[in-house]
Amino acid sequence: MQAALAELDEDVERAMAWQDLGQYHLLRSDPDNALHAFEEARQLAQVANDQAQLINIWLDIAEVYRAQRNWAETWRCYRNVAESITLEGTALQSGRLNHGEGNIHLHQGSLTLAAASYNKALVFYRQTNDKRRQAIVQMNLGITFAQLNEMRSALDHMELAERLFAEAGDIRGQMLLLNNLSNLLRRLGNLAAARHCGERSIALCELVGNEKGIADSLVNIGIIQRWQGELEQAQRSYAKAEHIYQKFADDRNVAVVREYMALILRDQGQHYGALRHHIKAFRLFCQVNEYNRAAESLNYIGALCRDRGKYSWSLNCHKQANEMYQRMQNQLGMAESQGDIGLTYAFWRNWAAAIQSLSAAEATLVTTDNKYPLAIVRWGLARAYAGQGELDRGKALALQASQAFLELNAQEAEQTERFLQAITNDTQFDINEFLVPLHLAK
91 MQAALAELDE DVERAMAWQD LGQYHLLRSD PDNALHAFEE ARQLAQVAND QAQLINIWLD
151 IAEVYRAQRN WAETWRCYRN VAESITLEGT ALQSGRLNHG EGNIHLHQGS LTLAAASYNK
211 ALVFYRQTND KRRQAIVQMN LGITFAQLNE MRSALDHMEL AERLFAEAGD IRGQMLLLNN
271 LSNLLRRLGN LAAARHCGER SIALCELVGN EKGIADSLVN IGIIQRWQGE LEQAQRSYAK
331 AEHIYQKFAD DRNVAVVREY MALILRDQGQ HYGALRHHIK AFRLFCQVNE YNRAAESLNY
391 IGALCRDRGK YSWSLNCHKQ ANEMYQRMQN QLGMAESQGD IGLTYAFWRN WAAAIQSLSA
451 AEATLVTTDN KYPLAIVRWG LARAYAGQGE LDRGKALALQ ASQAFLELNA QEAEQTERFL
511 QAITNDTQFD INEFLVPLHL AK
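Sequential numbering of the sequence shown, starting at 91, is according to our numbering.
Just to be clear, a hint being listed does not mean it is correct.
Claimed, not checked - Computed list of lysine to any residue pairs in SDA-like fashion (alpha-carbon distance at most 20 Å, straight line):
1) K461 to E504
2) K409 to W441
3) K221 to L182
4) K210 to N160
5) K337 to Q325
6) K210 to A181
7) K210 to L196
8) K337 to K370
9) K302 to D341
10) K330 to C376
11) K221 to E240
12) K337 to L498
13) K210 to A172
14) K337 to L117
15) K409 to A453
16) K330 to K370
17) K409 to I369
18) K210 to Q158
19) K302 to A339
20) K337 to L365
21) K337 to I304
22) K400 to N382
23) K409 to L365
24) K337 to Q377
25) K409 to Q421
26) K461 to Q490
27) K302 to Q318
28) K337 to R118
29) K337 to P121
30) K302 to K485
31) K370 to N382
32) K485 to A453
Keep in mind the hints are simulated off the structure, nothing from the lab.
Please model the complete structure; the sequences and the hints are all you need to start from.
Dropping the structure here:
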């Protein structure tokens with residue numbers, strides 16, 4: 091009996107060693123070796139029938155799958171945890187479970203569910219006085235409320251996260267927080283503060299030798315530079331970031347940089363150069379199984395084709411994107427690509443098809459928390475109804491879209507205001523003024 095117990099104790103110790111190795115690989119962004127180590131740990135813990143350790147290992151495996159964006163396997167791990175957490179489950183384990191579920195809800199755009207899961211996780215993390223995990227959840231709540239357009243709440247959560255990361259002495263957490271805070275401040279229009287956060291993040295990354303963190307911050311600063319009209323500086327920031335990502339063979343983030351580079355080229359009127367970058371991004375996203383981002387690239391390509399008056403090409407891209415979103419069960423993505431299909435029909439002056447597609451998109455988007463895509467779709471519907479002569483209906487939809495754009499500080503606000511003035515005051519209202527492809531624009 092004593093020999094058997096000693097063997098079980100040895101299995102537990104070996105499982106813990108494998109688990110530590112897995113966490114090391116996960117910290118170094120090496121998910122394949124992390125998964126191998128955690129699987130070894132899981133098998134040993136199973137032999138020892140150590141349920142508490144098994145729960146922790148399943149939570150670690152879920153983190154690996156989440157890093158790989160394998161959401162089906164992530165959910166499977168969380169289901170295993172949920173079935174195992176009974177009286178043996180600890181507050182920390184329950185917190186990690188709710189935290190993980192919140193991450194998946196956030197990725198899928200279920201923002202209210204994400205906030206609820208994060209708040210449950212906070213209750214458990216406070217019981218264990220785990221300030222680092224509290225900080226991560228507060229940061230994620232900030233991201234969630236920003237997507238809900240509740241900016242004051244988002245900023246409050248971000249500032250609390252910053253304080254908690256500092257108290258926990260978590261420099262890596264502070265770096266990530268500064269990038270997310272920079273995104274939020276940029277959306278609030280405080281570009282100077284946003285840029286300062288990005289520069290602080292770079293300084294911290296240099297302090298600890300985190301090159302990928304430097305690249306992430308450079309991308310963020312590049313976005314701000316583009317918003318400030320500093321296109322050449324933005325290109326340099328993106329080029330430096332891409333060089334670092336290529337060094338680490340991080341094809342996903344190389345693709346992200348290519349998307350941002352394409353947007354700069356569009357701003358400069360270099361549409362064929364932009365198209366090449368979008369196509370490169372699309373291929374890279376497919377290679378790394380980032381099909382939601384690949385579909386987004388297709389929508390960018392479709393929009394470029396529409397701007398050049400290539401309507402059949404545009405429709406083909408948006409329909410392919412819609413099919414990819416369907417396979418990924420991404421309802422928000424499906425609605426957005428359906429809206430793009432409708433907008434292309436509107437530019438093609440096929441009002442009935444435009445209204446059908448845009449109305450289908452609107453029906454989905456009104457059930458979500460995403461205000462900007464809904465405003466874009468209503469702006470498209472306004473022009474489609476006006477195009478077929480239903481001016482009052484077009485005016486009502488444009489007013490809804492305009493109010494949302496103003497609230498969101500979106501660049502489309504000016505065009506919708508001009509549309510409303512024209513449709514109200516101009517007896518010779520001409521819809522063609524508001525559906526002008528770039529190749530025909532003066």
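Outcome of the hint check:
no.: 1; hint: K461 to E504; verdict: 17 Å, holds
no.: 2; hint: K409 to W441; verdict: 18 Å, holds
no.: 3; hint: K221 to L182; verdict: 12 Å, holds
no.: 4; hint: K210 to N160; verdict: 24 Å, violated
no.: 5; hint: K337 to Q325; verdict: 18 Å, holds
no.: 6; hint: K210 to A181; verdict: 11 Å, holds
no.: 7; hint: K210 to L196; verdict: 15 Å, holds
no.: 8; hint: K337 to K370; verdict: 18 Å, holds
no.: 9; hint: K302 to D341; verdict: 13 Å, holds
no.: 10; hint: K330 to C376; verdict: 23 Å, violated
no.: 11; hint: K221 to E240; verdict: 24 Å, violated
no.: 12; hint: K337 to L498; verdict: 37 Å, violated
no.: 13; hint: K210 to A172; verdict: 14 Å, holds
no.: 14; hint: K337 to L117; verdict: 18 Å, holds
no.: 15; hint: K409 to A453; verdict: 18 Å, holds
no.: 16; hint: K330 to K370; verdict: 18 Å, holds
no.: 17; hint: K409 to I369; verdict: 16 Å, holds
no.: 18; hint: K210 to Q158; verdict: 25 Å, violated
no.: 19; hint: K302 to A339; verdict: 11 Å, holds
no.: 20; hint: K337 to L365; verdict: 25 Å, violated
no.: 21; hint: K337 to I304; verdict: 13 Å, holds
no.: 22; hint: K400 to N382; verdict: 24 Å, violated
no.: 23; hint: K409 to L365; verdict: 18 Å, holds
no.: 24; hint: K337 to Q377; verdict: 17 Å, holds
no.: 25; hint: K409 to Q421; verdict: 14 Å, holds
no.: 26; hint: K461 to Q490; verdict: 11 Å, holds
no.: 27; hint: K302 to Q318; verdict: 24 Å, violated
no.: 28; hint: K337 to R118; verdict: 15 Å, holds
no.: 29; hint: K337 to P121; verdict: 17 Å, holds
no.: 30; hint: K302 to K485; verdict: 48 Å, violated
no.: 31; hint: K370 to N382; verdict: 15 Å, holds
no.: 32; hint: K485 to A453; verdict: 19 Å, holds
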